[in-house]
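Build out the structure end to end from the sequences listed, making use of the hints.
Protein chains in written order, with the working numbering: chain A, 1 to 109; chain B, 1001 to 1237.
Just so you know, these hints were derived from the structure itself, not from any lab. Just so we're clear, the structure is a prediction, and the values are computed from it rather than from any experiment. By construction, the Cβ of each residue, glycine as well, lies at the ideal position given by its N, Cα and C atoms. Be a bit skeptical, because a hint or two may be false.
[To be verified] One side of the interface only, derived from the structure: several residues of chain B facing chain A at Cβ under 10 Å:
(1) Val1024
(2) Ala1039
(3) Ile1051
(4) Val1053
(5) Ser1092
(6) Gly1098
(7) Met1112
(8) Pro1145
(9) Pro1148
(10) Ala1194
(11) Thr1224
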Amino acid sequence: MNYSSFEIWLIIVLLGIGTFFLRYSFLGMLGRRPLPDWALRYLRYTPVAVLPGLVAPLVLWPQATGGAFDAPRLIAACVTVLIGLVTRNTLAAIVGGLMALYLGLYLLG
Amino acid sequence: MSETSSIRRAYWRGFRGGLPFLLVIVPFGLMFGVAGTEAGLNLAEVMGFSILVIAGASQFTAVQLMTDNAPVIAVLATSLAVNLRMAMYSASLAPHLGAAPTGVRALIAYFMVDQSYTLAAQEYEKRPDQSLAEKIAYYAGACTPICPQWYFSTWLGAVLGRAIPPEFALDFAVPITFLAMLAPIMRTLAHIAAAFVSILVALLLAFLPAGTGLLIAAVLAMMTGAQVEIWMNGRRA
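Below you can see the structure in the form of structure tokens.
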């Protein structure tokens, strides 16, 4: 990471302020008018629109291996998703994914 | 029944509702502390994130993009996009809590996380006739086992993170955490289609400067999700 201390704090503070105003928006300023349907429809999909795209390159081209494909990491990612889909439980998916990662690194790594 | 006791009962009802989320918050906080430290942030910066931003997914997003040395503006835009859903939460709580004094509303906004929102929204739907004071007390109760533990577990992760050897492959804690958060919210075909577009476009545009391809992918994925939802509703109608 090549940021100055100023840039890091700039990111932290602006992200904090921006997030606060997203949270405060309707509660604080815009009154009690409900959001229009089309806006809700877009907002509903923000997490599933951002997070998969963020994580996909990390799974296929991991930083720890300098971007080289890595079977234990790919398997661990698949196990995490599978457990998450089946159990609908985030914690179970994290624990299962980490166990698959360590097992994979031990057997294949 | 006196009013104070009903307020106190609302607080503890919220507290009990929030308690199980400790199982999610503490490991997440630990992981953020570890991931932030691994990425090169110092203790004050890691804590700055958890105290000033207090939104796990966007904090992980920011740290990940910072690891890639993305431009400051791309880090901010993408991490804020992750938090757009908070505006939806705010709109949904406004009819119940909008009459509270400004300072209280500011506090409610600051502590608005996925868990406190979900609990409060369910409670207000189930018991719509509660007084404003009871609703605020419930919200405060729900936040008590969740938010302070986020700070503490972040701190613990940041301190412990330095002591964890590379064999533990903690570089991969971030992808696993994200994937684990994602799977339970893949509720409909529209969610799955949005996720698919997000992955595809992000991979195709991976050659662009860090964070840029992801922003384009996110916008296209949001449009996909909204459009598929319209189609699905049309078919059902």
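**Prompt:** Does B/Ala1194 meet its interface restraint, that is, does its C-beta lie within less than 10 Å of any C-beta in chain A?
**Reply:** holds (5 Å)
**Request:** Let me know if the C-beta of B/Ile1051 comes in closer than 10 Å to any C-beta of chain A, holds or violated.
**Result:** Holds. Min distance 8 Å.
**Asked** Can B/Ala1039 be said to touch chain A, with a Cβ gap under 10 Å?
**Response** With a minimum Cβ separation of about 6 Å from chain A (threshold 10 Å), the hint on B/Ala1039 holds.
**Item:** Closest C-beta approach of B/Met1112 to chain A relative to 10 Å, hint status
**Value:** With a closest approach of 4 Å, the B/Met1112 hint holds.
**Prompt:** If you take the shortest Cβ to Cβ gap from B/Pro1145 to chain A, is it below 10 Å?
**Reply:** violated (15 Å)
**Prompt:** Was the hint right that B/Val1024 lines chain A, CB cutoff 10 Å?
**Reply:** holds (6 Å)
**Asked** Taking 10 Å as the limit, does the beta-carbon of B/Val1053 come near enough to a beta-carbon in chain A?
**Response** holds (5 Å)
**Item:** Status of the hint placing B/Pro1148 at chain A (closest C-beta pair under 10 Å)
**Value:** violated (17 Å)
**Message:** Checking hints one by one. Is B/Ser1092 an interface residue toward chain A, by the C-beta closer than 10 Å rule?
**Reply:** Hint holds; B/Ser1092 Cβ to chain A Cβ min 8 Å, cut 10 Å.
**Per-residue hint verdict: B/Thr1224, partner chain A, C-beta under 10 Å** = holds (8 Å)
**Prompt:** Measuring from the C-beta of B/Gly1098 to each C-beta in chain A, is the shortest one below 10 Å?
**Reply:** holds (5 Å)
Taken one by one, the earlier hints fail for this structure at numbers 8 and 9, listed in ascending order.
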